[in-house]
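2 protein chains.
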Amino acid sequence: MSLLNIERVLIDGQWRVSSGTQIFQAVNPGTRLPLPREYPVSSWSEIEQAILAAARVSRELRDAPGELFAKFLDRFADRITERSGDFIATANQETGLPVEPRLKIAELPRTTNQLRQAAAAARDGGWSMPTIDTQNNIRSRLAAIGPVVVFGPNNFPFAFNSAAGGDFAAAVAAGNPVIAKGHSSHPNTTRLFAEEAFEAVREVGLPPAFVQLIYRTSHEDGCRLISHPAIGASGYTGARSTGLVLKEAADRVGKPIYLELSSINPVCVLPGVLAERSAELAGEFTTSCLMGTGQFCTNPGLVLLLAGPQTESFVNAVKAKFDAAPIGTMLSEGVLRNFDSGIQTLVAAGAEVLAGGQTGGGNGFSYRNTLLCVSGDKFLLSPHALQTEAFGNGSLFVIARDEAQMLAVLETLEGNLTGAIYSAQDGQDDALYSRIEPALRARVGRLINDKMPTGVAVSPAMNHGGPFPATGHPGFTAVGIPASIRRFAMLQCYDGVRPNRLPPELQNKNPRPGLWRSIDGQWSKADVG
Amino acid sequence: MSLLNIERVLIDGQWRVSSGTQIFQAVNPGTRLPLPREYPVSSWSEIEQAILAAARVSRELRDAPGELFAKFLDRFADRITERSGDFIATANQETGLPVEPRLKIAELPRTTNQLRQAAAAARDGGWSMPTIDTQNNIRSRLAAIGPVVVFGPNNFPFAFNSAAGGDFAAAVAAGNPVIAKGHSSHPNTTRLFAEEAFEAVREVGLPPAFVQLIYRTSHEDGCRLISHPAIGASGYTGARSTGLVLKEAADRVGKPIYLELSSINPVCVLPGVLAERSAELAGEFTTSCLMGTGQFCTNPGLVLLLAGPQTESFVNAVKAKFDAAPIGTMLSEGVLRNFDSGIQTLVAAGAEVLAGGQTGGGNGFSYRNTLLCVSGDKFLLSPHALQTEAFGNGSLFVIARDEAQMLAVLETLEGNLTGAIYSAQDGQDDALYSRIEPALRARVGRLINDKMPTGVAVSPAMNHGGPFPATGHPGFTAVGIPASIRRFAMLQCYDGVRPNRLPPELQNKNPRPGLWRSIDGQWSKADVG
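Residue numbers (the numbering used here), protein chains in the order written: chain Z, 1 to 529; chain D, 530 to 1058.
Keep in mind that the hints were calculated from the coordinates and are not lab data. Each residue gets a CB set at the ideal place from its N, CA and C atoms; glycine is no exception. Mixed in with the good hints, there may be bad ones.
Covered stretches of chain D (chain Z as the covering partner; in silico rule of three or more C-beta atoms under 8 Å from a C-beta of chain Z) [claimed, not checked]:
| # | region |
| --- | --- |
| 1 | 670-679 |
| 2 | 781-792 |
| 3 | 970-977 |
| 4 | 1015-1022 |
| 5 | 1044-1050 |
Start from the sequences, fold in the hints, and give me the full structure.
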């Protein structure tokens, strides 16, 4: 094999021939055929070079103003927009996700918007929460944690891309260099991002190794990478099994790792809302569940209903819609296989197949839109197995026999990103809402009323996080600025440090008119004293 | 053995006879004699009862106002003050720490002050950072995480006591019930705190199981306790070895655990300051290092100096002071043994004994004030061993041959709670300060100028935390309000939730005139709209 035709990795400011000895190709999920480009599995020696280069950059940038990172993020967003045609075509080829509306109208603008929001936050600096105690002359703020490794998922080639997505933007806004570990299913999309990021790095005068890219590592090297002494933190979005292996490695050496793992996003549909708008809700649910072929972390994978004739007709309506809806293409053969395995686990645990339940029906990698159903009685016999995430175009309806059982089912749930409750507008469900809400609230990061979980606004109040095993810590969010930025920071206190040695944000004079600081317990934009 | 004379555990609102089958006694470190009271090692069944009771209390209190926790904290502080004589006498007996100034003037008032600060924060609610996005109608805040287990250390019988100290106050202010695991060296002090806490619980009408106390568990049961599904989080202050075992158990199940482990708190003394005030500094250092027989997490355990005649005379001055200073009593035989073992490790790695270096010389458990010295050359040969924490009245001076070596030594340091730099007032050290500060800054939670690390103010800007292995995550602090409270919270987002179902802090009307909320990116005390 000649390594000369293999795509190059971006290490220490150069697009280099990899010293790895293995290669891989991406597959077009719509045709199931391999795509022509070949990508290297990086060797440990080049991974280590990337780590050392990133560590050097971290040191060089320690006093860099937020403005520099803001300029980079804005310029990067501009460049992505200028080259949007390439991005959309490439991602479509690698992921099978539709060009419109998904890639072009939704995900690419969301990605550049996220980068620009991160730029604004980096410029402003309020994310760092400067805190000043004038009486004791103690001052603190959050500051860059050191090189950040980002592992992006398969399902958002843009918005969560390791070289352009939410974790990337947050890590950069905090002032950290990033080592992007591309997802193997869309390496060319990731390469394009790294190209544009690298050009933006040069344009704004950041050190060339500020953004680096490797495509793949062995599992062992992935663990060595995130637990290396020179690494500050990592972000990982993806499958639970791999995430937990990385978490163990990072935890052992006390390196923060922010995980976004599995979630089945329970949706409770209370009886009154079915009386009010059953048909509409069947449509809303079907759209949410099948959108993007169901490949969302916030896909509504479990719907909890109360037994009764209205529920029966709702279930039938959804079944009809699932049967009639077009069948999407899945991201990869692995996703298809895992989805099938998840469905089989649910069926083996007692779920009944109402629609779908087998592969095929669409272009490329596809699986029929799948609706499963199980009684509350059966669910409570195997609550663990029946919470298996089937990542794809399917969902499990759980029919509780009464309100007490609905609550009992909720009380068995693991941590999730979201939990939704639909209730009647006329107040008839309010008592039941109050009864079940505490159990759901404690188990989810985001509690939703009267809508499906699939929309995740990039809002300062968003929580795209939740109790384990949805994530590794229930206090952090992967989406939303400035909160997501704070993950990639350490708390730095200055105790009695002389005024001229303080970072500008902690000096008496507020360096920027818009910067909020907590001064003696009160938020203020004023100077001290 | 009759269990009837054994001290009772506080479980589920009752002082109960333990079902454990092993007992232990505390030892008066000043006399080395066992104290008469006997305490149980709890059985798993009673630990589990405590967990379930705490989980029930968490559910009952989910909508409780911060005012309720504030009342409890204030009332508890009052009761401690009213019974201060008992506390001081008991802690003195169990720890050997002097009544004045330590226990009476410093630590007890600090403890009640901390409880009152936590009360004010609970009342105000600003710690929860209510965040409102009016355009998307998404709102979030930090909220109680669930039952908190607190493991207190040996060295602060009051201020870090598992039933009254910083972690306890922070967990309660966030609205969580606490299971206190007392430290085995001062069980009676902890029992007194639990008694007063329990009375305060009753006075303010909290559920009786809000505060529970167990004295000791097996290591295995300790791990089961903190990783139980019903537990929200844990706080541990103490030895690194035990802390890491607990961390591993908690990490495996994704339960936050906040650790405060070892720290050697490097102090860099730049040449100019020795020219300016060597004698004064020798006194300052000696006081800081020997205070409390050196048993502080922020004890200056490593002093970095540049070789030269001024350093030689400074070292000699400190040696003379160490030889002349009274020798304190250590907290326990275990502390004494570990200190000796730490000193032996340092000596084996090449450190030379300038003063002390052997047991005895004081009352009870004691060890001579110990000053060690090593060259930068030798330090760099065994940087890991020469960072061994010797927890007690000793310190290691590292003499770098030049500025480059001083920097090289700093670059080998592990994470620490604090790092201090003393430099000349006349500016002659400023270039060296700038050269070494980045290396130190990245490795410590609190950077200090011109003073010793042993004072830890309870300030909103304090960071009593730092990179691993000083703690488990560099973004959190164990001291300082409101930041320490946020550790015991989860991020709860409300997306499209109907107005009457929102917690008061997230409703349009600001429920308290003093409550800061972030509304559309601006901190405000106003109502929405």
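Going through the hints against the structure:
1. 670-679: holds (count 3)
2. 781-792: Result for this restraint: holds, n = 5.
3. 970-977: Coverage by chain Z holds here, the residue count being 6 at a Cβ distance below 8 Å.
4. 1015-1022: holds (count 7)
5. 1044-1050: The restraint on the region 1044-1050 of chain D holds, since 4 of its residues have a Cβ under 8 Å from chain Z and three suffice.
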